[in-house]
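Trainee: Given the structure of chain A, go ahead and fit chain B onto it with the hints provided.
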Amino acid sequence: MFAYLVRRLLLLLLVLFGVVTLVFFLIHLIPGDPVDIMLGDQALAADKDALRHALGLHRPLGNQYLSYLGDLCRGDLGLSIHSRRPVLTEIGERFPATVELMLGAMLVALLMALPLGIISALKPYGWLDGASMLISFLGISIPNFWLGPMLIILFSIQLGWLPVNERGGLEHLILPAITLGTAMAAMLSRMIRASLLEVLDEEYITNARAKGLPERLVIFKHALRNALIPVITIIGLQVGVLLSGAIITEAIFDWPGLGSLLLEGIYSRNYPLVQGCILVIATVYVLVNLLTDIAYAWADPRVRL
Amino acid sequence: MFRSIWPYIGAGIILLFAIGAILAPWLSPYDPYEIHLSEQLAGPSRAHPLGQDANGSDILSRLLYGARISLAVGLSVVALTAVVGVLLGLVSGYYGGWIDTLLMRLVDILLAFPGLLLAIALVAVLGPSMRNVVIALAVLGWVSFARLVRGQVLSVREREFVLAARTSGQSDLRIMVVHILPNVLSPVIVQATFGIAGVIISESSLSFLGLGAPPGTPSWGAMLSQGKQVLLDAPHVSIFPGLAIMLVVLAFNFVGDGLRDRLDPRGGSGRRG
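Protein chains in written order, with numbering that gives the first Met the number 0: chain A, 0 to 304; chain B, 0 to 272.
In isolation and in its complexed conformation, chain A is listed as follows (with noise of 0.2 Å):
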């Protein structure tokens, strides 16, 4: 375990420094000078040089590349262009809004997924697993940004059940948990499905059936409970495609979190801001992964690390 944990952290460490890299020389070689795409064409020549020194652009590409490493490494993110603000505190006041909202959209996917995947796994082939394979299609198939209109449309403008938008109370939470967890609903209940019946093959289930346990605790306390162990991966897999889901679902619904700060910095042209959004989704999403394999091995013990 020990070993694995230590190779599993030199591969997080290189692929975190190629990731850095990566967005600095996107960032920096970007054809045409940051500093006019950043004040427009039109700016005074006093102005450009002013914020040439101070983003430190002035200095040849190697050096800078080392000094913002070095800045990375005491956490410091650089300074947001219109507010002048660090970018950390900035992006540390929107974090917790995309945490809510993952966390809100694995909810609804796992209160989506469980149902449809219990009751296909149950009948296999029968109508009502049709029904649920074309659900989970047309809910991997349906833009997010089209499902969330559609939802404001429904609850918030027909019915008047829900608010329309922005952070606020449980209600407001629930149209966009709704948009960023449905697609992630499709591919779990198809998973949940795979894996129960897998499971339901074993002996060990023949053998609680054989012993006469009533069906219903067959499949929650026997079946279920094994059937989940590799639904969690696919749960830490899609982290990922929560994470640029929801820069989607902020924009849809106004919501104050990493994923509209991002579009915020990218329609300013704030280069820090969007670099430092980017190298922190980035890094949430391999630290997820690592803690997910951990997780995984730790809940199977079949798993040897």
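I should point out that these hints are in silico values taken from the structure, not numbers from a laboratory.
Don't be surprised by glycine CBs; every beta carbon is placed ideally from N, CA and C.
Hints are supplied without guarantee of correctness; some may be wrong.
[To be verified] Partial list, computed: chain B residues near chain A (C-beta under 7 Å):
no.	residue
1	114
2	115
3	116
4	120
5	123
6	124
7	200
8	207
9	223
10	227
11	230
12	244
13	249
14	252
[Unchecked claim] Beyond 12 Å from chain B on every Cβ pair, some chain A residues (computed):
no.	residue
15	43
16	45
17	62
18	92
19	160
20	208
21	214
22	228
23	296
24	297
Mentor: Leaving out everything else, chain B in the frame of chain A:
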């Protein structure tokens, strides 16, 4: 029996949209760029079956032209990335060694960006345009093909017929192209079909965020972005482009699933028990 009709339904939908896209100039009742400010946001009517948008342009005509954009981007990105990914995967899996290590670390780094994030970053840096959307999606797209093919090659290259070809003195290039490639192509075709669905969604997502097609372009994503501004007054502006995206994506997913059952039964989602 129930399952087997869906891929055909999918293929039928794709065919309809393809015909609509190709024949858009003849089929669409109006010029998609035609502006009638006096009729802005008018609902569906006999003259405009799907209604008019914020510029008073005919939504049906714009949908037909939008099919051109979605299908063209989907096909071109997937064709480009499949070729590049298959080549890199072949080389990586066949030769192994440092080429393999280097490529797979690059793959790891690119996969460390969740989904659309890198595409958003690239388009943000390159500037919003359809060309840059294609570039951004291509930079990302080859990764999954390369990884898939590499894995397949690793198992195929140890098989007897490859060893036989090698002992008979055939060149590496010939072994890769003639003996290995045909044996790894099935999952690539399946992946490409799902890939088209993914690219169409990604393109519309970027256009929806204002990072793809310039405003005014009849791209489905851009139409939805415009529709969001007027959601309260004119829901019909949002409804139809979204339906179009969903139908096409659903159709490619149906076909992909059918192909997977036919060509690549092991790679399925476990439906066969």
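Trainee: Evaluate each hint against the coordinates.
Mentor: Here's how the hints hold up against the structure:
1. 114: Nearest chain A Cβ about 4 Å off; hint holds.
2. 115: With a closest approach of 4 Å, the residue 115 of chain B hint holds.
3. 116: holds, 5 Å
4. 120: Because about 5 Å separates residue 120 of chain B from the closest Cβ in chain A, which is inside the 7 Å limit, the hint holds.
5. 123: holds, 4 Å
6. 124: holds, 5 Å
7. 200: Holds: closest Cβ of chain A sits about 6 Å from residue 200 of chain B, inside 7 Å.
8. 207: holds, 4 Å
9. 223: holds, 6 Å
10. 227: Interface hint status for residue 227 of chain B: holds (6 Å vs cutoff 7 Å).
11. 230: OK, holds: residue 230 of chain B within 7 Å of chain A, min 5 Å.
12. 244: holds, 5 Å
13. 249: Constraint on residue 249 of chain B satisfied, holds at 4 Å.
14. 252: holds, 5 Å
15. 43: holds, 24 Å
16. 45: Its Cβ never comes within 12 Å of chain B, the nearest being 26 Å, so this holds.
17. 62: The claim holds: residue 62 of chain A sits with its nearest Cβ about 21 Å from chain B, beyond 12 Å.
18. 92: The assertion about residue 92 of chain A holds, with a minimum of 20 Å to chain B.
19. 160: The assertion about residue 160 of chain A holds, with a minimum of 16 Å to chain B.
20. 208: Non-interface label stands for residue 208 of chain A: nearest chain B Cβ at 18 Å, farther than 12 Å.
21. 214: At about 19 Å from chain B, residue 214 of chain A clears the 12 Å cut-off, so the statement holds.
22. 228: holds, 14 Å
23. 296: holds, 19 Å
24. 297: For residue 297 of chain A, whose nearest Cβ neighbour in chain B is about 23 Å away, the distance exceeds 12 Å, so it holds.
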